[in-house]
Amino acid sequence: MAMTEPARKPPVKPSFPLGYRSSWRGFEVSRSSHRIASVALGVAFLIGAPYVLSGYRGQDVWSTIGALLTMASLGTALFLMVTRFNLKVDGEDEELDERERAWRDRAHWVAYRIVAFTLCVALFSLLILDILIEGEWAPAGKNLQMGMLLAVTAAYALPAAILAWIAPDLVPEEETT
Amino acid sequence: MTRILSVERVAAIVTFVTWTAFAGEGIAGLYGASILGESAPLLFLGLLTSIFLTGSRAGEIFRWWAKDLDEREIALRDRCYRLTYLITHAMFMLYFGSIAVLPWRNALVDASAADIGSAGIRLLFWALHIPAVLFVWLQPVPPHPRQDLDDPTPV
Chain A
1 MAMTEPARKP PVKPSFPLGY RSSWRGFEVS RSSHRIASVA LGVAFLIGAP YVLSGYRGQD
61 VWSTIGALLT MASLGTALFL MVTRFNLKVD GEDEELDERE RAWRDRAHWV AYRIVAFTLC
121 VALFSLLILD ILIEGEWAPA GKNLQMGMLL AVTAAYALPA AILAWIAPDL VPEEETT
Chain B
178 MTRILSVERV AAIVTFVTWT AFAGEGIAGL YGASILGESA PLLFLGLLTS IFLTGSRAGE
238 IFRWWAKDLD EREIALRDRC YRLTYLITHA MFMLYFGSIA VLPWRNALVD ASAADIGSAG
298 IRLLFWALHI PAVLFVWLQP VPPHPRQDLD DPTPV
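Those sequence lines, one after another, are chains A and B. Counting from 1, position 157 in the first sequence corresponds to residue 157 in our numbering; the numbering is continuous, with no gaps. Heads up: take any position in the second sequence, counting from 1, add 177, and you land on our numbering.
Just so you know, these hints were derived from the structure itself, not from any lab. Yeah, the Cβ is synthetic: ideal placement off N, Cα and C, and Gly gets one too. One should not assume that every hint holds.
Computed Cβ-Cβ distance ranges for the label pairs, DEER-style [claimed, not checked]:
no., chain 1, residue 1, chain 2, residue 2, range
1, B, TRP314, A, ARG99, 23 to 33 Å
2, B, ALA243, A, SER30, 30 to 40 Å
3, B, ASP245, A, ILE166, 45 to 55 Å
4, A, SER32, B, PRO317, 19 to 29 Å
5, B, LEU246, A, ARG99, 15 to 25 Å
Rough simulated footprint, nothing fancy, chain B against chain A, three-plus residues with beta-carbon under 8 Å [claimed, not checked]:
no., stretch
6, 71–83
7, 100–107
8, 119–125
From just these sequences and the hints, can you work out the full model?
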């Protein structure tokens, strides 16, 4: 008796990003690569931002390291913005399924808490410094602009970095076909 | 109308308007201007309504350590925080942008460090209240008590 071949399941494709952005899915980096890049961004930002805000422009090796770390953090943040994780975290409701929406929203919840806590600490410590040393704390000019640019860039890349930590690995497309 | 404008929702509107005006006054201060003149009443009103909201159910999401939220509330809370993150990021870009252009514009060089810090803290107060305001407005409206009269099912 001839065995009937079981019906094959249709291939399941990763569901992001769908819709109008389906022509480009972002750079397909692995989750571990994204995690390493996120940690690198955090370390470079934590070391580079104080260097920028302090306005130190010496000629020694520490100045060179500080400048390189600043550029590295900017470059890493820009890289993180064009990966699939960031496209997913920016996805609209109709482009994502229910689980992906839950991860996206959870990533923003965590990111908000981190940014709000960091801003609270930064602004209130600056306020205390302002009271203690009478308004001499504020960095000015291009140092401040560069520091602000770094902070805004890091805040933008943060939800995608968190998503790389909380979302499970996706099954590669070739394994599902 | 009464279902939409509950006490909690009115408090959310007042909170939002108050902290927005408070933050706007701080941004205006960067440019040496003043819209309302006096900020102390706004701060007082904002704190009062915030205390009320914190005591309400919406205040649960103020408390980052709250653990007694059900699944639906967690989903709504995360959604509110996502919207807040997007709004807040845009607002802080405006704030940072205001600071960034200061040294380049002669009319604005008088902004002091205290003005910059004050505007930042006001904006932070504003941002911290957005999730609760959104939570109050995005949660489903409970059924009106009179609606039960139409239900033939005995209690």
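Taking the hints in turn, this is what the structure says about them:
no. : hint                            : result
1   : B/TRP314 - A/ARG99: 23 to 33 Å  : holds (26 Å)
2   : B/ALA243 - A/SER30: 30 to 40 Å  : holds (35 Å)
3   : B/ASP245 - A/ILE166: 45 to 55 Å : violated (22 Å)
4   : A/SER32 - B/PRO317: 19 to 29 Å  : violated (40 Å)
5   : B/LEU246 - A/ARG99: 15 to 25 Å  : holds (19 Å)
6   : 71–83                           : violated (count 0)
7   : 100–107                         : holds (count 4)
8   : 119–125                         : holds (count 4)
The structure is inconsistent with the numbered hints 3, 4 and 6, although it conforms to all the rest.
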